[in-house]
Amino acid sequence: MGGDRVVVGAAAVHVPGIAPDRLIASATEPDCGPDEAHTLLGRKGLLFKEPAVRLAMCAVHRALGLPPGRPTGPAPGAAGTAVVVSSNLGNVATVCDIVEQVRAGGLRGVSPMQAPNASSNIIASSIAIRYGFTGPNLMVCSGSTGGLDAVRLGALLVRSGRAHRAVVVGAEPADEIAAGLRAAGGTPPGPPQGMAACVVLVPAGQPGPVRLHSVRRHRAPEPVPAGGPRTIRLACGTGDGPDQDLAALLGGGYGAAGVLQTALATRWLTDPATRPEGVEDAVEAVLTCGSTGDGFATARLCRDGDRT
Amino acid sequence: MRLAITGSAMRTSLGDTAETYQALLAGESGRQPLRYVAPDGVNVRHGYHVDAAGPERPYRASAWLAECVAAAAREAGLDCARQRVVVLVGTGLRELRAVERWRGDGQLADLDALHFGAAVRAALPGVEDVVTVSNACSASSHALALAADLLQLDEADAVLACGADAMTESMLAMIGRVGDESSDAVRPFDADRKGVLLGDGAVAVVLQRAPDDATVLLRGVGMSCDAYHETAPDPAGLRAAMDDAYRRAGLSPADVGLVLAHGTGTALNDPTEAGVLAGLFADARPGPLVTGIKGAIGHTSGSAGLMSLLVAVEALRHGQVPPVVGLRTPIPEAAPLPLVIGGPVGTDAGVAQVNAFGFGGVNAVCLVEVRHGR
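These protein sequences, in sequence, are chains R and B. Under my numbering, the first residue of the first sequence is numbered 1, with each subsequent residue one higher. Under my numbering, the first residue of the second sequence is numbered 1, with each subsequent residue one higher.
It is worth saying that the hints were derived from the structure and are not from the lab. The C-beta atom is built at its ideal place from N, Cα and C for all residues, glycine as well. One or more hints might be untrue.
Said to hold, decoys possible - Partner residues aside, some chain R positions facing chain B, computed with beta carbon under 8 Å:
#1 V99
#2 I122
#3 A128
#4 T134
#5 R159
#6 S160
Generate coordinates for the entire structure from the input sequences, incorporating the hints supplied.
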């Protein structure tokens with residue numbers, strides 16, 4: 001896609017279980033894990049919510065800049081706000097839990113409260129319900145490219161006029177089932193408590209320091225061109241990146257990786273205080289997520305005013 | 001920009017598109033005893049299966065999808081080397097059955113095959129851009145909406161909007177758990193309905209900028225989210241998707257002669273949907289004929305929307321609207337609606353509305369036109 005009519009209005013990452021300044025240098029508090037999500041989201045409404053849903057809500061809450069606690073009404077501008085979420089493993093634990101109970105002869109022990117979690121779109125719909133987002137609601141389960149596929153579809157909804165704003169989220173859990181599936185598939189493990197990130201896409205012309213230039217899909221990793229403007233490059237599945245630790249973290253992002261990359265690049269491009277060691281000032285970012293099996297997606301972001 | 005459906009294919013428990021349509025006209029049902037899963041364990045005894053009797057085939061939704069994608073692309077004459085082709089696959093259940101069998105039966109799991117990229121790329125060499133959208137029971141209709149947007153913004157020359165679903169043990173369990181008694185058949189809008197049953201299948205539709213001689217036009221797809229409840233539908237959200245579709249199409253409810261309802265045979269969907277349709281067509285009495293496919297092929301989850309769309313196209317093309325299989329006595333909320341009961345009804349309508357609503361309150365409504373060349 002060409003996305004030059006869309007800017008990133010806000011961005012947040014939520015990766016518990018790692019040093020808080022590892023991704024955002026100015027961060028001082030560790031991100032709360034899924035079991036402590038109530039400290040940010042309030043207690044009500046979290047029962048039966050899976051870890052990936054909780055992490056995703058934390059990322060949205062922070063991207064919207066909301067005070068801690070359950071919203072008492074729809075978030076500002078909620079009507080007509082689209083939600084696009086990427087996650088591959090968000091509900092696999094519930095699916096397996098239900099099957100295990102059934103096979104043990106315990107259908108009656110399965111709670112009807114689990115029913116919505118058997119549907120893969122539970123993260124996207126839960127965010128819409130909590131924050132009152134009535135715009136188009138999409139759940140992307142597209143493998144390693146899913147994060148940037150979600151960014152692309154969020155931009156599409158804004159550019160087509162279907163939404164005045166798109167809340168784009170990537171989230172993956174770190175439960176035993178998710179970890180087992182990753183291991184079986186040869187996909188790198190993610191951070192110990194899972195991860196989430198959120199970017200808010202709005203039409204160009206509204207406040208937003210970083211423009212989404214393009215997102216496109218391709219079969220193989222592409223060589224990095226020499227020269228050109230100062231560029232932040234984040235890649236996963238290709239061994240590329242500013243340092244090996246970060247590359248490993250992004251490589252384990254799976255369906256969340258593309259949104260995490262977009263959120264990090266947005267923060268780093270615009271606020272020097274957020275840049276960890278090794279990340280230099282730059283005017284644009286080139287983000288690649290994917291795998292040999294799924295193929296790759298690449299997004300380009302430009303700091304507004306630096307390049308047209 | 002006018003958009004046309006230039007190729008399509010589907011696979012249901014009743015066969016391909018033509019076979020399914022003929023069976024619907026005859027009032028037949030694809031219902032069978034439930035396979036692959038112990039019926040007592042999940043409290044569900046019937047399903048609408050695609051595969052013939054035999055052992056359970058792994059990744060079979062991907063196999064049906066691959067057949068449909070290849071057939072639809074062939075009909076449309078797509079050239080993936082020269083055209084920008086994007087494929088959007090809508091699904092409710094992905095290949096989560098493979099996760100269940102990995103955990104429960106020790107079978108190998110292929111993480112890359114839980115979504116449909118690899119299956120589509122194998123069926124359509126040259127295509128790289130495949131996205132799996134897991135939007136519950138309205139997924140394939142959401143895919144069609146996004147397909148229209150990609151063409152309108154000139155980001156593709158052709159988009160395949162698809163659906164693919166094979167039933168999972170976990171979803172069967174939830175159906176068996178929340179129902180009071182085990183449903184014996186899907187009876188949309190019937191006073192004696194006992195709940196939903198699942199169907200297997202896949203569907204693919206090729207959308208392109210309309211050639212001059214196009215006969216099947218996609219007039220518009222509306223989307224909305226209830227932001228209300230995880231499983232219960234909200235009338236305001238359903239209506240919002242319909243209003244969005246009419247606004248995009250530049251049509252009014254009076255222009256529509258046929259409705260393919262979502263009609264799941266559940267306690268909540270049918271009265272809610274009937275009430276919203278009655279309100280939408282209140283000024284268009286007697287209003288369009290209303291039918292639905294789930295009594296005949298089960299609820300095919302994310303594939304259901306586009307399957308309804310292809311049946312609507314067949315009905316408009318041939319001027320014969322199939323009845324709602326399983327419907328005998330309509331619920332009171334459906335009294336204002338001209339439901340098709342018992343046998344086919346003739347029509348000269350040109351435009352149909354196709355409903356699809358999903359868990360989480362995700363709604364998509366399509367308006368499709370068949371031009372008869374008169």
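For the hint on V99 of chain R, does the least C-beta distance to chain B fall short of 8 Å?
-> 5 Å, holds
Closer than 8 Å between Cβ atoms is the bar; does R159 of chain R clear it against chain B? Give me holds or violated.
-> Result: holds, 6 Å to nearest chain B Cβ.
Could you check if T134 of chain R really has its C-beta closer than 8 Å to a C-beta on chain B?
-> Check passed: Cβ of T134 of chain R comes within 5 Å of chain B, closer than 8 Å.
Interface hint outcome for A128 of chain R [beta carbon to chain B under 8 Å] | 4 Å, holds
Cut-off 8 Å, beta-carbon criterion: hint that S160 of chain R touches chain B | Cβ of S160 of chain R sits 4 Å from chain B, so the hint holds.
Grab the minimum C-beta distance from I122 of chain R to chain B and call the hint holds if it beats 8 Å, violated otherwise.
-> With a minimum Cβ separation of about 7 Å from chain B (threshold 8 Å), the hint on I122 of chain R holds.
Checked against the numbered hints listed earlier, the structure breaks none of them; every hint is satisfied.
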